[in-house]
Amino acid sequence: MKIVEEKEPALLKRAVRGDEQAFLALYQRHQSSLYRYALRMTGSPWAAEEVVQEVFLLLIREPQKFQPDRGELGAFLFGVTRNRVMKHLERLPREDSLDAVNGNGNHWKEPEDPLTPMLIAEKRERIEQVREAVLGLPAEFREAVVLCELEEMSYEEAAQACGCPVGTIRSRLHRGRALLLAKLELLRDAPRRAGAGAK
Amino acid sequence: MMSCEEFERLGLDMDRPDATPEEAALASEHAERCPDCNALLASWREVKEDLRLLREITVLESAPARVEMRLKQELRTRRESRVPRSTVAIASWALTAAAVVAAAVGWFHARQTVPAVNGNSNPLAVRSVLPGDASTVDPMLLAADYDAASFTQLPGSMPSVSSDESVVQVRIQRGALMQFGLPVEPEQASEWVDVDFLVGEDGQPVAVRLHQESQGDSGPQ
Numbered sequence: 001m002k003i004v005e006e007k008e009p010a011l012l013k014r015a016v017r018g019d020e021q022a023f024l025a026l027y028q029r030h031q032s033s034l035y036r037y038a039l040r041m042t043g044s045p046w047a048a049e050e051v052v053q054e055v056f057l058l059l060i061r062e063p064q065k066f067q068p069d070r071g072e073l074g075a076f077l078f079g080v081t082r083n084r085v086m087k088h089l090e091r092l093p094r095e096d097s098l099d100a101v102n103g104n105g106n107h108w109k110e111p112e113d114p115l116t117p118m119l120i121a122e123k124r125e126r127i128e129q130v131r132e133a134v135l136g137l138p139a140e141f142r143e144a145v146v147l148c149e150l151e152e153m154s155y156e157e158a159a160q161a162c163g164c165p166v167g168t169i170r171s172r173l174h175r176g177r178a179l180l181l182a183k184l185e186l187l188r189d190a191p192r193r194a195g196a197g198a199k
Numbered sequence: 200m201m202s203c204e205e206f207e208r209l210g211l212d213m214d215r216p217d218a219t220p221e222e223a224a225l226a227s228e229h230a231e232r233c234p235d236c237n238a239l240l241a242s243w244r245e246v247k248e249d250l251r252l253l254r255e256i257t258v259l260e261s262a263p264a265r266v267e268m269r270l271k272q273e274l275r276t277r278r279e280s281r282v283p284r285s286t287v288a289i290a291s292w293a294l295t296a297a298a299v300v301a302a303a304v305g306w307f308h309a310r311q312t313v314p315a316v317n318g319n320s321n322p323l324a325v326r327s328v329l330p331g332d333a334s335t336v337d338p339m340l341l342a343a344d345y346d347a348a349s350f351t352q353l354p355g356s357m358p359s360v361s362s363d364e365s366v367v368q369v370r371i372q373r374g375a376l377m378q379f380g381l382p383v384e385p386e387q388a389s390e391w392v393d394v395d396f397l398v399g400e401d402g403q404p405v406a407v408r409l410h411q412e413s414q415g416d417s418g419p420q
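Here the protein sequences line up with chains L and W, keeping their order.
The working numbering puts the first residue of the first sequence at 1, with every later residue one more than the last.
The working numbering puts the first residue of the second sequence at 200, with every later residue one more than the last.
Hints in this document: simulated from the structure, not taken from any laboratory.
Every residue, glycine too, gets a C-beta built ideally from N, C-alpha and C.
Hints are supplied without guarantee of correctness; some may be wrong.
The following label-pair restraints were derived from C-beta to C-beta distances [stated by the list, open to error]:
#1 W:E279 <-> L:E6: 21 to 31 Å
#2 W:E279 <-> L:E152: 41 to 51 Å
#3 W:E279 <-> L:M86: 18 to 28 Å
BS3-like, lysine-lysine: derived pairs with alpha carbons at most 25 Å apart [claimed, not checked]:
#4 L:K7 <-> L:K65
#5 W:K247 <-> L:K183
#6 W:K271 <-> L:K65
#7 L:K13 <-> L:K87
#8 L:K13 <-> W:K247
#9 L:K123 <-> W:K247
#10 W:K271 <-> L:K7
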């Protein structure tokens with residue numbers, strides 16, 4: 001059977017026995033989504049790197065913590081990542097990258113748009129502002145925005161990831177949106193509906 | 200009809216794939232009628248566009264290569280420090296087998312060398328008889344039997360020259376006589392026989408004789 005076709009519990013079993021190929025297959029399948037989530041939540045490539053490393057070290061050292069009958073490996077890894085991120089945020093509420101260089105030393109991918117330099121600069125500023133505003137949200141509202149708006153999860157998926165009811169996710173997203181709008185309104189000083197949700 | 204409060208709570212979901220058609224329709228209808236909620240919707244759609252751009256610039260992000268290197272190193276370290284399960288299994292079996300063999304050798308040795316007491320089933324049941332002592336011994340075996348000429352000298356032993364020897368009566372399996380250098384037919388080795396050992400003053404047997412009535416005995420009584 002090709003490694004791409006193997007089920008993950010079988011791959012994990014082989015990985016635990018020292019099969020590097022099996023482990024790398026699991027790593028490549030999951031690391032990017034976990035890294036992106038950690039990056040979007042912490043705003044720090046270094047923190048995201050540390051979180052991903054910790055998550056996979058746990059998988060190597062304590063594979064018995066994953067129980068196949070309780071769910072998919074991806075969901076398990078996401079849960080561990082989420083816990084690590086929340087612990088990180090408790091210690092350091094927010095870390096900002098001072099520039100747009102990511103963990104690989106590359107600059108952020110520029111939005112592809114055939115615009116003039118001024119419009120490009122304006123767009124970059126807007127992106128940075130919304131990024132600042134998201135990172136400025138309290139952790140539980142930030143998570144709802146990250147999962148539902150950036151990760152594009154459905155309410156059901158986001159609720160499962162957070163281990164809470166759909167209604168809770170919707171409520172947190174509603175609150176997160178309101179705070180985002182209020183923050184951006186202040187940053188951009190643009191006319192918005194007064195008191196729109198920021199109660 | 201949807202109120203402004205409901206629109207703030209639910210209306211901004213109208214663009215989401217998981218919004219119900221009924222909610223989306225009600226929200227759309229309300230936004231058309233209410234300028235404030237329409238402005239709120241417009242503001243939110245701008246922010247959604249900015250969020251989309253933020254998502255785009257991070258969508259290709261992944262952990263740096265050094266994370267993979269560190270994890271590979273961890274795997275290799277754990278693999279090298281692990282004793283192969285086959286080695287552990289073989290060692291366990293070897294130890295167990297050695298213990299069993301040692302116990303068997305010890306048991307066999309103990310059964311061959313420990314002198315038996317009258318009344319037990321030890322194949323080396325022994326009664327020590329001194330010349331002239333008729334009180335404890337079957338008179339059939341004692342008395343005039345003590346005739347050195349009727350004894351067979353054991354290989355490697357010196358003929359007794361003193362009168363301090365004693366006769367030791369034993370009931371043993373014929374095969375035990377091989378320990379004293381005497382030949383025994385293999386098919387007769389398990390037969391129980393009554394023998395007398397002539398024991399010198401040093402305590403070592405020097406000669407042996409077989410009781411004729413022991414011929415063909417099958418075991419101790």
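Taking 25 Å as the top limit, are the C-alpha atoms of L:K123 and W:K247 close enough?
Since the Cα atoms of L:K123 and W:K247 sit roughly 13 Å apart, the hinted pair holds (cutoff 25 Å).
State, for the Cβ atoms of W:E279 and L:M86, whether the hinted interval 18 to 28 Å holds or is violated.
violated, 35 Å
Check whether the Cα positions of L:K13 and W:K247 lie no farther apart than 25 Å.
violated, 42 Å
25 Å Cα cutoff - pair W:K271, L:K65:
holds, 20 Å
L:K7 and L:K65: Cα distance at most 25 Å?
holds, 17 Å
Take the C-alpha atoms of L:K13 and L:K87, compute the straight-line distance between them, and say whether it is at most 25 Å.
violated, 29 Å
Starting from the range 21 to 31 Å, see whether the pair W:E279 and L:E6 falls in it by beta-carbon distance.
With a Cβ separation near 25 Å, W:E279 and L:E6 satisfy 21 to 31 Å, so the hint holds.
For the pair supplied as a hint, W:K247 and L:K183, is the alpha-carbon distance within the 25 Å limit?
holds, 14 Å
Assessment of proposed distance window 41 to 51 Å (beta carbons of W:E279, L:E152):
holds, 43 Å
Within a Cα-Cα threshold of 25 Å, do W:K271 and L:K7 meet the stated pairing?
holds, 21 Å
In terms of the numbered hints stated before, the structure departs from hints 3, 7 and 8, listed from lowest to highest.
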